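Each chain, letter by letter, is given below.
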Amino acid sequence: MKEKLDRLTENLDFTLLFAVVFLCFYGLLVLYSSTRLAATGGSDPYFFVKRQSLWALLGFIFLIIIIFIDYHNLERYSKVVYFGAIILLIIVIFAGRSTYGARRWLAIGPFDFQPSEFAKIALIVFLADFLSKNKPKLDNFFYYLIPFAYTGLLILLVFMQPDLGTSLVYLAILIIMLFVAGVKIKYLIFTFLAALSSVPVLWTFLKDYQKNRLILFLNPNLDPLGGGYNVIQSRIAIGSGGFLGNGIFSGLQSQLNFLPAQHTDFIFSVVGEELGFAGTILLLGLYTIILWRGIKIALEARDLSGSLLAAGAVSFLFFHITVNIGMAMGMLPATGLPLPFLSYGGSFMISNLIVIGILLNVELHKVKW
Amino acid sequence: MRESSTVPEDVKQRLNWLLIFMVICFSILVISLWYLQMIKGEEFKERAVENCIRALVEDAPRGRIYDRQEKLLVSNRPAVVVSIIPAEVDDLEKLSERLSRIIGISPEEISQIVKNYRENPFKPVKILDDCKTNKIVEIEERKDELRGVVLEVKPRRDYLYHDFAAHSLGYVGEIDKEELQQFNNPKFQGGDIIGKDGLEKYYDDILRGEKGGKEVEVDALGQEVATLLYQKPVPGNDLILTINRDLQLYGENLLFGKKGSIIVSDPNSGEILALVNKPSFSPNLFANGISSSDWQRLSSDTEYPLTNRSVQGLYSPGSIFKVVTAVAALEEGITDRKRKIYCSGTFELADRIFTCWKETGHGSLSIVDGIAHSCNIYFYTLGKDLGIEKFNEYMQKFGLGEKLGIDLPAEAIGTIPSVQWKQREVKEIWFPGDTINLSIGQGYLLLTPLQVHNIITIISTEGEVCKLHLVKKIISADGNTVKEIKPEIYKKVDFSSDTFKIIKEGLRKTILKGTGWRANIEELAVAGKTGTAQNPQGETHAWFIGFAPYEDPEICITIFLENGGEGGEAAAPIARAMLEKYFNIKN
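Top line first, the protein sequences correspond to chains A and B. Its first residue numbered 1434, the first sequence is counted upward by one per residue in the working numbering. Its first residue numbered 87, the second sequence is counted upward by one per residue in the working numbering.
Chain A with its partners taken away, still in its complex shape (with noise of 0.2 Å):
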């Protein structure tokens, strides 16, 4: 024990692990500046911050169990994970709960859980596993088709929930993991161009407000009121931060309600609104230490299996902050994803820790004990 603590406190990355825990504390700041008006807790300012505290302790303590594991093992599981979240997947459509008319939820306790956060982490495992394996059939273009099967039943899965934005993470983790793999670019520029054909097809499944998402994110002001209203108020409250900002809790776009979600999607908005730019630079900042130290530990990664679940883990969290942030810009559409370690959400803040364990235990298992 006293030797595997020794490696541990060796081989951790204090860094990452520093960043994410200052990370979690800013989120919780933003948070509660943004949610302490909010009706929904009732008289109690601090609802939101002791629900999202409560979960990222939660976070990490599963960060800490995974760590343990050495991912070899979790690998080994990596087939059982996917299917599990498959079936979870199947449960929430027949049985979540429904807001806004999509099902998203399952109900574990007083608790409502997201299994497609959970199939995200599944995701990554499955790939590490199976692009390690059969690396060099790859080559093979009908073998590198088979990810995209899998990959596919999952997007299908929440694209039936409806959930455009969660389907899209799927896509980017397994390009980016495919691309990290080795296959051919060729292979990557073909599958571009025949997904690009295929879009007036891919168009006819869109739900209208997705439909209405897309077309609003071209002009915005097409619809001030409703789907494009969203935007440019973040616009504003971003923009009329300057440089440092109005100061915590003085925003007056977040502390008079005019971002809506503002503590989940849009929370960036309120990071630039009282923050300013500095605010917004030191959280790209931490970002981009998080990411960094992620691409390090998949380059000195023990072997190919560990790189590629780095990053996978990478790749996740990057897709996750680049559209949030260019959102709530105004410069990608409103997709709905929520910003990593920052948006309101219980078992989004969980995965994104589980990842993080990911990381560090790729990095501490990067030598043999």
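A couple of the hints might just be wrong.
What the hints assert, rightly or not - Keeping only pairs whose Cα atoms sit at most 27 Å apart, straight-line, the calculated DSS-like set for lysine-lysine is:
| id | chain 1 | residue 1 | chain 2 | residue 2 |
| --- | --- | --- | --- | --- |
| 1 | A | K1799 | B | K287 |
| 2 | B | K287 | A | K1570 |
| 3 | B | K318 | B | K282 |
| 4 | B | K287 | B | K577 |
| 5 | B | K489 | A | K1729 |
| 6 | B | K569 | B | K489 |
| 7 | A | K1568 | B | K98 |
Worth flagging that the hints you see were computed from the coordinates, not collected in a lab. Only a predicted model underlies this, so the values are computations on that prediction, with no experimental measurement involved.
Following the hints, position chain B against chain A.
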């Protein structure tokens, strides 16, 4: 111990590429943030402030209008407006359908109104104005399923007697684009209610009051979070009219179903006691913003219910004008108390034959009898001797061709023929026959009933004419007198007292023995003159002007019936009824 990594080189290379890609993406984010926050920061800051600071206008209650005995005529009542706040609506189609079932406007129309409004999603969009009480109750009861629907209470102008004195009172409406431009005053804003006609327009400045307002901080739902500034509205001042409600109502009933005007005034003060115009309309129709169907109906009505006949309508005065001819002839020495003129029933001038209304002729008449029997031949003779220039001089002395300055908008000045006028307008020279026609108030001459009324006022006061007016007093909302309108001598007309005496005698005899006998009242000495004016529109206009009591005039009266027939038959009995009513009320 550390073993060398087995990660393939190509994977490491790809990882480096991934790192570069992420650096590029983050750089784009940083540059965008720099642009948004550092370069555009100030601009967005302004927009953020605009977003949540609202200037809310609080309308001042418009002044009320009372009759001379301070009986309420026009007031304000609360009207409930049903609106939708677009930002609070989840499902517009569903909401429209639910609301439609209550208020009876089609769901398509409701959602169209909301969709067409694109300014501020938190500003209520008006769906139904002046909602009925039972509907309000139903909306209140179903509040939960009608999220986004709000009820706002707004003051609404309320004309208590509907079409009562409508042309004098006028109506109010929302200020339009042209008016906004015309006033060019920051005091006025789109959506303001202003007087559009009648006293509402003439005294708009006094009635309107001063808008108050507040600057509030609002949250995203438009709910007020804090008040930053507050200015209380100053209510408009009230008007106390010279109109006597009961006399006016009586007059309106007398003209029920007819076209025409009744004017009753106190010649000693210029106060108008009754100003009836028929047909009329209800100014309440305008108070809610008139519907296009109502507007269509009113504006295309061939009876012209919107026209204020007494101040805007131009009519041939007929024999009423003989009073002017008589005054001119007496003043110019063309005739006197003694001169007699023989009426054979016809009058010849340059091959043209003019007839008297009495075909068999009146025989030999003095001026008093000439007036009493309204003999055309008598006045043809005077007119021929006077000539058009003298007519013009005396018409001017009677104030014809100019505004009398009554406190109503758009007063007409009449059509006053002269040599130059005919040259200009008809492109013909003035014929002697034109003067003959003019001498009995026919031909080109057109006057408003108010101008005609002014003629009798001049006679009754023997030249000391007070400005005719409708407002007696202006009082503030808390009852203090702001201004009292004192009688104002509008014009001193100096004809000799003998002239006035002879004319008055003629007018008295008209009632006692002449064409105005139907206006005779046993216990009251009435003096007056009838008129029956031919006009191109058809049936003759019936006129009556008069005053009473004969010795010491208290009131002057003018009756005008458009295409109403004979003055003596149709107008005189109405004058009699009005006079009786007046003296009844007084006693």
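Going back to the hint list, which numbers does this structure go against? The structure conflicts with hints 1, 2, 5, although it agrees with all the remaining ones.
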